[in-house]
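Line order of the protein sequences matches chains E and A. Residue 26 in the numbering used here sits at position 26 of the first sequence, and the numbers go up by one each step. Residue 9 in the numbering used here sits at position 9 of the second sequence, and the numbers go up by one each step.
No lab work stands behind these hints, which were simulated from the structure alone. Note that beta-carbon positions come from the ideal geometry of N, C-alpha and C, so glycine has one too. Hints are not guaranteed to be accurate.
Stated by the list, open to error - Which bits of chain A does chain E cover? Going by a derived footprint, with three or more residues having C-beta under 8 Å, they are:
#: 1; segment: 1-13
#: 2; segment: 17-31
#: 3; segment: 72-83
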Amino acid sequence: MNKHSADATTAEEALAIQETLDSNMATEVAMKNTLLTPRFYTTDFDELDAVDVSHIKSEWDPLIERMLSDPNKGHFKKNDDWDQVDWDNMEPQLKKEFIDFLISSCTAEFSGCVLYKEMKRRGSNKEITQLFQLMARDEARHAGFINDALREAGVAVNLGFLTQKKKYTYFRPKFIYYATYLSEKIGYARYITIFRHLQENPQHRFHPIFKWFEEWCNDEFSHGEAFALLMKADPKLTRGVNVWWIKFFLTAVYATMYIRDHQRPAFHAALGVDPDWYAHEVFTKTSKLSKQIFPITLDIDHPRWKKGLLSIQKANQDLADAKAKGSKLAQLTSSIRAGFAFVMLFTVPSKKHSVPSVTRLEPAY
Amino acid sequence: MGIFTREREKVPCTVEISHKFESLHAHVRFNNGAVVHPGDEVLVEGPEIMAPFGEVVTEDRSAIILRASFIERLWTRATGDLEVMELCEFSFSEEATL
């Protein structure tokens with residue numbers, strides 16, 4: 001067993017041990033070091049503690065019970081299905097985009113873990129802290145799995161960010177619910193759409209990690225279920241002025257995904273996926289799922305929707321170009337155009353519907 | 001808490017970094033029960049803590065909490081929500097063009 005820096009009595013000794021360790025791992029020396037930069041959050045912990053799930057116990061308990069039974073324990077391990085990846089001969093642009101995809105996924109899982117853990121630690125409501133503990137477990141597991149894929153690609157994730165100054169930002173609990181609910185459900189829709197597509201077109205599966213997406217996204221699905229129930233626990237969250245917030249989050253999440261995916265053309269080409277088709281497919285699934293708790297869905301077939309997406313993506317691209325060139329004026333004009341495009345998307349009339357009395361769903365795609 | 005001024009606080013803390021296949025996580029726990037508020041900044045003192053792959057490292061350190069001023073706290077509470085979109089898996093990337 002190697003000695004590690006925690007055994008050291010002085011900082012210098014710790015550094016020396018670390019250096020020896022690092023040079024012992026021949027592969028690691030050549031690794032590109034990527035510092036993970038998760039964000040840190042605070043929220044209104046008293047409000048979170050006040051959540052009462054007693055009147056939705058019939059739906060809450062089975063969900064927690066299943067998460068406790070941990071059906072995916074042992075799933076996130078490499079087995080014979082993990083094919084060798086020829087990183088050296090991967091087309092450079094694809095490699096770049098794919099590694100960016102892995103790093104951003106890893107950071108997101110990691111940040112989710114930090115957020116959930118903080119909520120677990122600072123809360124005192126037993127049901128709520130238990131839920132966040134379970135979700136933090138899953139996120140850390142996913143992050144570990146992606147990290148392993150990154151190591152194979154020669155990217156070492158650096159967890160040294162704790163010794164850098166970090167600022168805590170603040171989210172209201174309801175915004176955490178809306179954003180994480182959507183993020184978990186859209187995450188499910190994204191992963192399952194790729195998984196099903198690659199089942200039918202296995203020649204496009206250029207990395208084995210996609211084989212793990214099915215069980216993986218079931219974790220995302222359950223997390224989404226938990227947030228749906230948290231919102232159900234307080235009906236005010238999905239009524240009145242909050243419906244506008246829901247619309248805002250739906251629009252922002254869909255638009256962000258559209259913009260981001262169009263920044264990875266080689267990645268989508270390698271998967272044999274047209275990003276426009278993919279976006280429509282994912283939005284359709286997410287909208288259908290979110291009807292379980294949200295009283296509105298976005299009209300993604302409205303002519304102004306597609307137009308708005310194209311404008312916001314173009315404006316965003318121009319903004320990036322302007323930043324690269326250092327042109328302040330072009331930055332300003334493209335920011336204004338992006339703002340207009342967002343308003344155009346936000347003002348597309350939404351579809352109203354009634355919310356079912358039973359919230360819980362099972363993954364069916 | 002000052003209206004415009006920031007205060008420094010030194011607190012003992014325990015840092016746990018797990019760099020294992022089963023779990024990748026990193027947490028700081030303040031051992032005196034100190035809590036952070038919106039806008040506060042936290043810096044763990046000492047050299048970077050690196051957990052080699054496959055290991056969990058736990059260290060007792062001290063941390064500096066730079067308390068946000070009253071104004072900063074209000075500002076963070078008012079504007080923090082705008083950054084909420086970064087919780088989405090597809091929004092973590094510095095580069096707009098790859």
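Okay, the hints, checked on the actual structure:
no. : hint  : verdict
1   : 1-13  : violated (count 0)
2   : 17-31 : holds (count 13)
3   : 72-83 : holds (count 5)
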